[in-house]
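In this note's numbering, the protein residues as written are 1 to 153.
No lab work stands behind these hints, which were simulated from the structure alone. Please note that a few of the clues may not be correct.
Here are the computed lysine-lysine pairs in the DSSO-like style, where the Cα-Cα straight-line distance is at most 27 Å [claimed, not checked]:
#1 K106 <-> K124
#2 K56 <-> K25
#3 K57 <-> K25
#4 K129 <-> K140
#5 K25 <-> K47
#6 K131 <-> K106
#7 K56 <-> K76
#8 K135 <-> K124
#9 K96 <-> K110
#10 K73 <-> K25
#11 K73 <-> K56
Ranges between beta-carbon positions, derived for each pair [said to hold, decoys possible]:
#12 S102 <-> R123: 23 to 31 Å
#13 Q10 <-> S122: 53 to 61 Å
#14 S61 <-> P7: 31 to 39 Å
#15 N84 <-> E109: 33 to 41 Å
#16 S144 <-> T85: 16 to 24 Å
#17 A141 <-> L121: 29 to 37 Å
#18 L77 <-> K116: 53 to 61 Å
#19 E11 <-> I153: 21 to 29 Å
For clarity, every value in this text was computed on a predicted model and none was experimentally measured. We put the beta carbon where it would ideally sit given N, CA and C, even for glycine.
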Amino acid sequence: LFDVFLPIIQENTIKNWTSNDFWLKIRLSDKDRNRFNRQRMYRILRKLVESGFLEKKINYSNHKFSRFNETEKTIKLKNLEKSNTDFSNMVLEESKIYEEISFLEKQTEKYFQLEKNFPSLSRKISYEKSKCLSKITELKAYRSALRSVIEAI
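Modelling step: build the complete structure from the supplied sequences, incorporating the hints.
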């Protein structure tokens, strides 16, 4: 249940939520919507309050209507998650660029071979080779910028 619960906290702003608001967001199958899982949800909420991720305003006349709010700790966790996601995406982007550069460098080598094999088309081949080389230069500059940011983090 916790693996379903965590995205709810990350993707929503929790302000004056009741436990029923959490229950409605969990979206369990009809088979899993039972008293046992509802009790598990209450335990998770209690742990989040005890750990300082949620603040609970108790309604003493009816505990079902107690309200939950995010704390500063929850907001920091959300921001940290966004930073980690951005960092992971940058590393992934850098590796994709590296692969593309490798492919284009191999392609450039083949253009040299094509010029030798088909001298009558050397002008057209040379033009395509130049486009490929300029693309490599652009990608290397982009990759260098990505690397510098990744290393700074």
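Inset, instruction - Sort out whether K124 lies within 27 Å of K106, counting only the CA atoms. - result: 18 Å, holds
Legend entry - N84 versus E109 beta-carbon gap, inside 33 to 41 Å or not: 38 Å, holds
Legend entry - Restraint status (C-alpha distance of K73 to K56 at most 27 Å): Roughly 14 Å between the alpha carbons, so the hint for K73 and K56 holds.
Legend entry - Distance restraint between K73 and K25, which requires alpha-carbon spacing of 27 Å or less: 21 Å, holds
Inset, instruction - With 29 to 37 Å as the target window, see if A141 and L121 comply at their CB atoms. - result: Given a distance of about 30 Å, which is inside 29 to 37 Å, the answer is holds.
Inset, instruction - Indicate whether the distance between the beta carbons of S61 and P7 respects the range 31 to 39 Å. - result: 32 Å, holds
Inset, instruction - Mind checking the alpha carbons of K135 and K124 for me, to see if they're no more than 27 Å apart? - result: Cα-Cα ~17 Å, so holds.
Inset, instruction - Quickly compare the C-alpha distance for K131 and K106 to 27 Å and report which way the hint goes. - result: 14 Å, holds
Legend entry - Distance restraint between K25 and K47, which requires alpha-carbon spacing of 27 Å or less: 18 Å, holds
Inset, instruction - Would you check the hint for K96 and K110, treating anything up to 27 Å between C-alpha atoms as holding? - result: 21 Å, holds
Inset, instruction - Mind checking the hinted window 53 to 61 Å against the Cβ distance between L77 and K116? - result: Hint holds: Cβ distance 60 Å, inside 53 to 61 Å.
Legend entry - Range agreement (Cβ of R123 with Cβ of S102, hint 23 to 31 Å): Given a distance of about 27 Å, which is inside 23 to 31 Å, the answer is holds.
The structure is consistent with each of the numbered hints, conforming to all of them.
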